[in-house]
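Novice: So the chains spell out like this:
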Amino acid sequence: MFTISIQTQDFDLSVESAKLRSRHRDVGALVSFVGVVRDMNDGAEVSSMTLEHYPGMTEKSLAEIVNEAAKRWRLIDATVIHRVGALLPTDQIVLVMVASAHRGDAFQGCEFIMDYLKTDAPFWKKETTPDGARWVDAKSADHHAQQRWSQIP
Amino acid sequence: MFTISIQTQDFDLSVESAKLRSRHRDVGALVSFVGVVRDMNDGAEVSSMTLEHYPGMTEKSLAEIVNEAAKRWRLIDATVIHRVGALLPTDQIVLVMVASAHRGDAFQGCEFIMDYLKTDAPFWKKETTPDGARWVDAKSADHHAQQRWSQIP
Amino acid sequence: MITLLFFASIREAIGHDRETIAFDGFSTVEELLNLLRARGESYRDALLPAKRWRVAVNQDMVDVTQALKAGDEVAIFPPVTGG
Amino acid sequence: MITLLFFASIREAIGHDRETIAFDGFSTVEELLNLLRARGESYRDALLPAKRWRVAVNQDMVDVTQALKAGDEVAIFPPVTGG
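Chains as they are written, first to last, in numbering that gives the first Met the number 0: chain A, 0 to 152; chain B, 0 to 152; chain C, 0 to 82; chain D, 0 to 82.
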C-alpha cells in the first residue's frame, strides 16, 4: 500500500505529490518532510557526505514505522524515499510524504515517521570535512524526539 | 525576506523547494503543507470550488503570521502560496513551505502558519454540490487548532 | 468618508461588494453595523448579532468596540475558510 | 552457521563487512560479542561495552540477551544517523 524506496538517484517532490493526489480523490492535506545536506555540521564545513545502509533491514524498518503511523492516525497514503551513496550540500537526502483527509493527521504522521526513521532505520552518514572524513554521531535530541511519541495515549 | 503569493495559477512543489534550497546552504529540513480540494465535504459531493479573498489584507495577514512564526522558531526561509478563483477536486489550494536547520523548527513553524492561516487570513470557499453552490462553514476544529499555540510559553 | 467592503456570503446577501459612505452618525464599528442593519431585511439578516461575521478596519481584524475615523476602510465578512 | 554483518564505523574498525561463523561456543548476542572481543584490539575497541553499538538479528533490533539459533543473520552497527 505505502511506497518505500531506497535509491541513489534524486527524487522530485512534485512528481511524488502528483502520484499521491492522482491515486486518491479524498486527500485534503499533504505534508512533506525533505532532509537536506547542510554545508556545516557540528562546527565543521561539510564538502560531501556518503550514506551507507543495511539493505533489506532499511525497507523492513521503514515499512514497520509507516504501518505504526497508519495505526495511530488516519493516513490515506504515504511515501518514504531515502537516498544512499554520495551526496553534496543542498542535495536532498530523504522524503517523507503523508496524505490524509485533514492536516492534523498528516502533520503528526509525517513527524512521527521522521522521528522513528532517525532512531530506528539503519542508515549511517559519513561526512567529508577539512580535517578528513568522519562518521556522524547519533544525537540524543533524536532519541528524545522519538521517545515523546510513547507518551501519547 | 519571506515569499508570499496570492495567485490563480497552480504552483510546483519542486520549483519552490529548489528555490529555497538554492538560496541557503544551511537548510537541513524543509517541511511543506499542501492543501488539496477533496471530492467530498460535509457529506456532499463537491464538483468544483471557488476561492474569494480580500486583496491586500490577505498578503498583510499572511506576512504577519509568517513573521510571528519566525519569532517563535528558528526559520531560515518560508514560502506561502494561496490560490484563488476556480478549482477542481485534487487541485492544489495552498502551499506552506518552511526551511530550517533542524526538523523540529520546520514542523512547528509550518503547522503554526497553517493553523493561523485557517482562522486569520481572509479567504472564503464556495463549493458546488449536487444541491447547488454553498459557502463553506468555518470549523470550530480550526479555531481550537489555532488556540493551542497560545498555550505554549 | 468611510469605504465599506463586503465579502463572500455577506456580499451576496446584500448584493454589492463596495460602497463609500459619509462618516456621520456613527463613531464605532458597532454603531456602523447598527446603521447598516437599519437599511432593511437583507442587511439585518446578514449582520444579525447571532450570525457569525468579522470586521477588519484598515485590513486588521477588530472588535466591534473599535473607534473609526475618516478615511478608514471597513471590511465585513464571514469567518474565513481558506487553506 | 551464523552470518555476521558489520556496518559503518564498526565495519571500518574491524576491516570487513561480512563473515560466516560456526554456531558454536555462544548462545546469546552477549556471548557472541564477547567471542568477537576476544579476537583482538580492533574488535575490543569497536565493541567495548562503553561504546555505543546496536545489534539486529534477522533485521530486527534486539537486546544483548537475545538468544541465537543456527541460520541467524546478526548485524552489528553504531547508532543510526539517517534522515
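To be clear, the hints were calculated from the coordinates, so they are not data collected in a lab. Each residue gets a CB set at the ideal place from its N, CA and C atoms; glycine is no exception. Mixed in with the good hints, there may be bad ones.
[Claimed, not checked] The list that follows gives simulated cross-link-like pairs (lysine-lysine, PhoX-like), each with its CA atoms no further than 20 Å apart:
no., chain 1, residue 1, chain 2, residue 2
1, C, 50, B, 125
2, D, 68, A, 125
3, A, 138, A, 125
4, B, 138, C, 50
[Said to hold, decoys possible] With the C-beta cut set under 8 Å, the calculated list includes, among others, these residues of chain A facing chain B:
no., residue
5, 6
6, 7
7, 11
8, 12
9, 13
10, 20
11, 28
12, 29
13, 32
14, 39
15, 43
16, 47
17, 84
18, 88
19, 134
20, 136
[To be verified] Output of the computed footprint for chain B on chain C, the stretches with three or more beta carbons under 8 Å from beta carbons of chain B:
no., region
21, 0-7
22, 32-44
23, 64-77
Novice: Each hint should be assessed against the structure and marked as holding or not.
Specialist: Here's how the hints hold up against the structure:
no., hint, verdict
1, C:50 to B:125, "18 Å, holds"
2, D:68 to A:125, "33 Å, violated"
3, A:138 to A:125, "14 Å, holds"
4, B:138 to C:50, "14 Å, holds"
5, 6, "16 Å, violated"
6, 7, "19 Å, violated"
7, 11, "5 Å, holds"
8, 12, "4 Å, holds"
9, 13, "4 Å, holds"
10, 20, "5 Å, holds"
11, 28, "6 Å, holds"
12, 29, "4 Å, holds"
13, 32, "5 Å, holds"
14, 39, "6 Å, holds"
15, 43, "13 Å, violated"
16, 47, "13 Å, violated"
17, 84, "19 Å, violated"
18, 88, "5 Å, holds"
19, 134, "18 Å, violated"
20, 136, "15 Å, violated"
21, 0-7, "holds (count 3)"
22, 32-44, "violated (count 0)"
23, 64-77, "holds (count 3)"
Hint compliance for this structure: hints 2, 5, 6, 15, 16, 17, 19, 20, 22 are broken, all remaining hints hold.
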